Every structure is written in structure tokens, then in C-alpha cells.
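Visitor: Here are the chains, one letter per residue:
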Amino acid sequence: MSGFKIDTKKEESVSVVRISGFLDAHTAHELEAEFQGITSKGDYKILVNFAGLDYISSAGLGVFMGFIELVRENGGDIKMCEMNVKIYKIFDLLGFPNLYEIFDTQAEAIEKFKD
Amino acid sequence: MSGFKIDTKKEESVSVVRISGFLDAHTAHELEAEFQGITSKGDYKILVNFAGLDYISSAGLGVFMGFIELVRENGGDIKMCEMNVKIYKIFDLLGFPNLYEIFDTQAEAIEKFKD
Amino acid sequence: MILQSYQIKIPAKTGNLEVIRNFLISSLQTLKFSEEELNKVLLSVDEACSNVIRHAYNFKENQIKIDLKIEKNKISIFVTDSGKGFDPSKIETPKMDEYLKNFKVGGLGILIMKKLMDEVEYDIRPGSQNKVKLVKYF
Amino acid sequence: MILQSYQIKIPAKTGNLEVIRNFLISSLQTLKFSEEELNKVLLSVDEACSNVIRHAYNFKENQIKIDLKIEKNKISIFVTDSGKGFDPSKIETPKMDEYLKNFKVGGLGILIMKKLMDEVEYDIRPGSQNKVKLVKYF
Ligand SMILES: Nc1ncnc2c1ncn2[C@@H]1O[C@H](COP(=O)(O)OP(=O)(O)O)[C@@H](O)[C@H]1O
Ligand SMILES: Nc1ncnc2c1ncn2[C@@H]1O[C@H](COP(=O)(O)OP(=O)(O)O)[C@@H](O)[C@H]1O
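Protein chains in written order, with my numbering: chain R, 1 to 115; chain D, 116 to 230; chain C, 231 to 368; chain G, 369 to 506.
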């Protein structure tokens, strides 16, 4: 019943991907498809808003790892924002904050893409 | 997590028992204890507000059957109100609406106690 | 042909009725039951399990097993206990008119299962396994 | 001494990962785990089960069994498959510095279990039963 939802909107030049619900081995391919769609249009500035995300497993983490190189090679980035503490702890456990910039607010993150 | 909650308030001469959550073989004794407390004080006008109730099994129905005779012998009644359709269907399945008056609103039910 | 099997084996105590209901809700969520039909299944299994806890085991903690078999056109749920058993043919179906008139208490569990499910069948083998099968067609 | 046993046996498919998590949430709800500790257990079991679905069974539907044993000072969870098995001693623990620098993908499940649980132990018997035991102390 819980499920997983994605909603992507362009804000200025940034693709803001709001994810919510449960990101596990069952739902990870949905996020993968979304990233595929975005990057195949030549959009490489991706901001993932985690506000609604309740759960992430390694299958979910794998999606970010699977696109970060491509995105950076094309002068873009995957940044993250509004992650709750529960999710942040998983990222932190594995050192992901060394690779991904994580912002408290969406506005800050979008601002950062302008640098 | 879901649990069961009871909250009783006197409205005029009527004891209004608001029940919410899950009323099953695990929680039925809580309602039983509540009815025991009310009737032992000599209060026999009992209105059960079902607005928050999500679930009822036969153990829950048994609590009402266990007190209705005592209550009526003492000139009182157990009336019911604000039952959602899901719960009403269980009552209806067993013919309980023939024994208990069920009102849409609490106000109507309290009014009826004045007759 | 059984398409999918789900099983749960847990301590028979009233605090676990919710665990059982939640297990059924999540196991059945992808099937095309209406919410009303799902509620009928939940309540019927709850009644069967409450009976195991109270009558088969007399509230002494023991294990209860619930098997869910999903087929193309129906689900079958088996609630199994290893308790004292009983003779289902000796259980009288309550007549609700009289029941309500005489302020009876209890004795509605099996009636509820029979009213809500398409099939209810007991297989009682005291000393080994007592089982009730509850079937609902799509 | 085992105080309580819970077991679930269900089809090994990713759509059931949620069923498994919900089963654990409701089975563990009366224990005095903090939400943080509960989350660690949920994620670790999810990783073990995801591995069974993907690696042991290669997404072919088969059964997965999860046993939860509650003792006075710990819980033990056993995730059992009847799939092809593997040699856990051959699995290298990823070094996260290099991992992140080289944009690696996957290979984090067992590491996560080891970081989040107090004990992680594989018992691999290809052709019969492969099992991982996950232990958390209160
Ligand atoms: N699993 C069981 N083991 C032993 N006896 C049972 C079991 N299930 C039902 N019974 C018997 O059948 C009777 C009728 O059950 P039921 O209709 O559910 O009403 P109630 O449980 O309120 O008595 C019970 O009183 C009990 O004697
Ligand atoms: N239940 C299992 N059956 C067979 N192989 C397994 C099982 N669990 C883990 N493995 C093996 O261990 C490896 C490492 O697993 P893990 O750390 O979870 O990362 P990943 O699943 O992303 O590869 C897997 O790639 C697989 O080869």
C-alpha cells in the first residue's frame, strides 16, 4: 500500500525530482527510469528532494551511483535536499555525503547549481 | 501501533464513550472495564460514539451484549452513533440494529435519551 | 493450481491478532479484492484465530499457523492449531432473533465466518492438528 | 532460551519486501527497541531478502523463509533460501573511499548488514538450505 512516488518538475534549469514512500529493490527501477528519461533529454542538473521518502535500501542507493558519473561527465550533478534523519543516517553510514552534496532546503540546492 | 482508545465524558446525564482504533479479542477487555466503571457508578445512559473505530470483531460485539441487559433493567440504554459503514455492516450482518439504536450524530442520540 | 503460498507461524496470543491482520493485508494487497471483500477475509481469519487462542489453547501460549494459498479464482486460508480440538457438528448456529431477544453473549465467531466466507470447513484431529479452511472466490 | 518464535514463508519477489518489513514491524512492536534500532533490523533483513531474490533465485519465484527468535537479551533473524548458494568468504568488503571515488554500483548489502547488526553469519549448503543469521542485542 505504501508504494513509491516520483514527481519531476523543471525549476529554472534544474530537474527537481521529488521522491516519496519506499525506495527498495522493488521500486528502485522506477527511479532509474526517471533518471534515464531526464538524462536522455540532455538534462544533467538533477536535484532529488527526499522530503517524502520514508525508506531506502541499497537498491535505492545503487540508482544514484549508477548515474552520478554520467551526470558529472556532462557538467551536471546529482544534489540532494530535505532528507530526513532516518534516511541521512543510511547515507552517512556509507560515506555518501562525501560524494553527494546534501542541502537542508530546495532553494539552497538550486542556488548552488548556479555556481 | 494501531491500538484501541477510549475516552469517556459526561454530556448532561449521558456517558459518552468515544472509542477509536481496533476493537478485537485483545482490546475488548478495555471497553468492558470502561462499561464496568460507568455502570458501577450507577450511570446507565451510555452513548458509544464509534467515529474513530476502524475495526470490530465478535469479541467487541460481546462487550455490548454483556451490558445491555443490566443497563436496560436499570432504566438506561446503550445507544450508538457515528458508526462508519464498514463497522455498520458487521452490526447489520448479525441483526444488531434490531437491538441497539444507532444514530448518525451524537446530538440526535443525546436528545433521544431525554425521551 | 496454487499460484502463491504465504505462511505465518507465530505465538497464539491476542496481541498478535493485529500481526495476523497486517500480514493478510500486505499479502493480499496485490489481488483484486475490493476493500469490502478484504475486510470479510480479515474478520473471518481474526475470528478463527481468536478461537484458537481462547478455545484450543485456553490462552496458554502456543503456536498458531496461518497458510494462505492464492489460486486463479480463489484464496484459501488455513488456520491450524495443535490444541484440544472440538466437534464442529455439535456447535449450534445461533438464531439471531432469539439471540438478541435473550441478550446472549458470545458464540458468534463461526457464524460470522460462515456468513462472510464462501466456504468454511473444519478438519479436527485432536492430538495432532486442528484446521479450519476459509475460502473466498474472486 | 527462546521466548517467542515468529516465522513467515512467502514467495521470493521484490513486491514482498514490504510484506516482510511489515511482518517484522508488527512482530517486534512490543519489544523495547528504539525506532532507530528497529530501522536497522528492517534494513538488514531487507538486504538479506533482496539478495535471496536476486542472487539465490535470480528473480525466479521460489519461497523465502524468515524466522524471528526472540530471547531475553537479543533477537535472531534467519533468512533462508534454497537457491544456488555462494561462498561468503570470497566476498570482499568494499572500501568506501575507493568505492565512492570510482563510482561503483552495488555490492553494499552485506556491508550494510554487518554495520547495522551485532552478528551476521552465513550457513551455506547449496542444494539444501542457505541461511543468514542476523542478531541484534537489546
Ligand atoms: N479452534 C478451536 N478449538 C477448540 N474449540 C473451538 C475452536 N473453534 C471453535 N471452538 C468451539 O466452538 C464454539 C463456538 O465458537 P464461536 O462461534 O467462534 O463462538 P465463541 O468463540 O464466542 O464461543 C466455541 O465456544 C468452542 O467451544
Ligand atoms: N542469498 C544469496 N545467494 C547467493 N549469493 C548471494 C546471496 N547473498 C549474497 N550473495 C552474493 O554476495 C554478493 C554480495 O552481496 P551484497 O553485498 O548484498 O551486494 P549486491 O547484492 O549488491 O551484489 C552478491 O553479489 C552475491 O554474489
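Simulated from the structure, these hints should not be mistaken for laboratory data. Given the structure is predicted, the values throughout are model-derived calculations rather than measurements. Just so it is clear, CB atoms sit at the ideal spot from N, CA and C, and this is done for glycine as well. Worth double-checking, as some hints may not be accurate.
[As the list claims (entries may be wrong)] Computed far set for chain G versus chain R, every beta-carbon distance over 10 Å:
{"no.": "1", "residue": "Leu399"}
{"no.": "2", "residue": "Glu404"}
{"no.": "3", "residue": "Ser418"}
{"no.": "4", "residue": "Phe446"}
{"no.": "5", "residue": "Phe471"}
[As the list claims (entries may be wrong)] Label-pair distances were calculated between CB atoms; the ranges are:
{"no.": "6", "chain 1": "D", "residue 1": "Glu147", "chain 2": "R", "residue 2": "Glu11", "range": "30 to 40 Å"}
{"no.": "7", "chain 1": "C", "residue 1": "Asn332", "chain 2": "D", "residue 2": "Leu208", "range": "14 to 24 Å"}
{"no.": "8", "chain 1": "C", "residue 1": "Phe289", "chain 2": "D", "residue 2": "Leu185", "range": "45 to 55 Å"}
{"no.": "9", "chain 1": "D", "residue 1": "Glu127", "chain 2": "G", "residue 2": "Ile393", "range": "39 to 49 Å"}
{"no.": "10", "chain 1": "D", "residue 1": "Lys204", "chain 2": "C", "residue 2": "Lys320", "range": "45 to 55 Å"}
{"no.": "11", "chain 1": "D", "residue 1": "Glu147", "chain 2": "R", "residue 2": "Gly37", "range": "29 to 39 Å"}
Visitor: In this structure, is the beta-carbon distance linking C:Phe289 and D:Leu185 contained in 45 to 55 Å?
Guide: violated, 26 Å
Visitor: Quick one: work out the minimum CB distance from G:Leu399 to chain R and report holds if it exceeds 10 Å, violated otherwise.
Guide: holds, 19 Å
Visitor: Beyond 10 Å from every Cβ of chain R: is that where the Cβ of G:Phe446 lies?
Guide: Nearest chain R Cβ is 19 Å from G:Phe446, so the label holds.
Visitor: Look at the Cβ atoms of D:Glu127 and G:Ile393 and judge whether their distance stays inside 39 to 49 Å.
Guide: Between D:Glu127 and G:Ile393, where Cβ atoms are some 43 Å apart, the hint holds.
Visitor: Between D:Glu147 and R:Gly37, does the beta-carbon spacing fit 29 to 39 Å?
Guide: For R:Gly37 against D:Glu147, whose Cβ atoms are near 58 Å apart, the range 29 to 39 Å is violated.
Visitor: Would you say the C-beta atoms of D:Lys204 and C:Lys320 sit inside 45 to 55 Å of each other?
Guide: Distance hint for D:Lys204, C:Lys320 is violated at roughly 30 Å.
Visitor: Measuring Cβ to Cβ, find out whether G:Glu404 lies farther than 10 Å from everything in chain R.
Guide: violated, 8 Å
Visitor: Is the nearest CB of chain R more than 10 Å from the CB of G:Ser418?
Guide: violated, 4 Å
Visitor: Please settle this one: G:Phe471 was flagged as non-interface, so is its CB more than 10 Å from every CB on chain R?
Guide: violated, 4 Å
Visitor: Verify the CB-CB distance for C:Asn332 and D:Leu208 against the hinted window 14 to 24 Å.
Guide: Cβ of C:Asn332 to Cβ of D:Leu208: about 19 Å, so the range 14 to 24 Å holds.
Visitor: Within 30 to 40 Å: is that where the Cβ-Cβ distance between D:Glu147 and R:Glu11 falls?
Guide: Given a distance of about 57 Å, which is not inside 30 to 40 Å, the answer is violated.
Violated hints, in rising order: 2, 3, 5, 6, 8, 10 and 11; the structure is consistent with all others.
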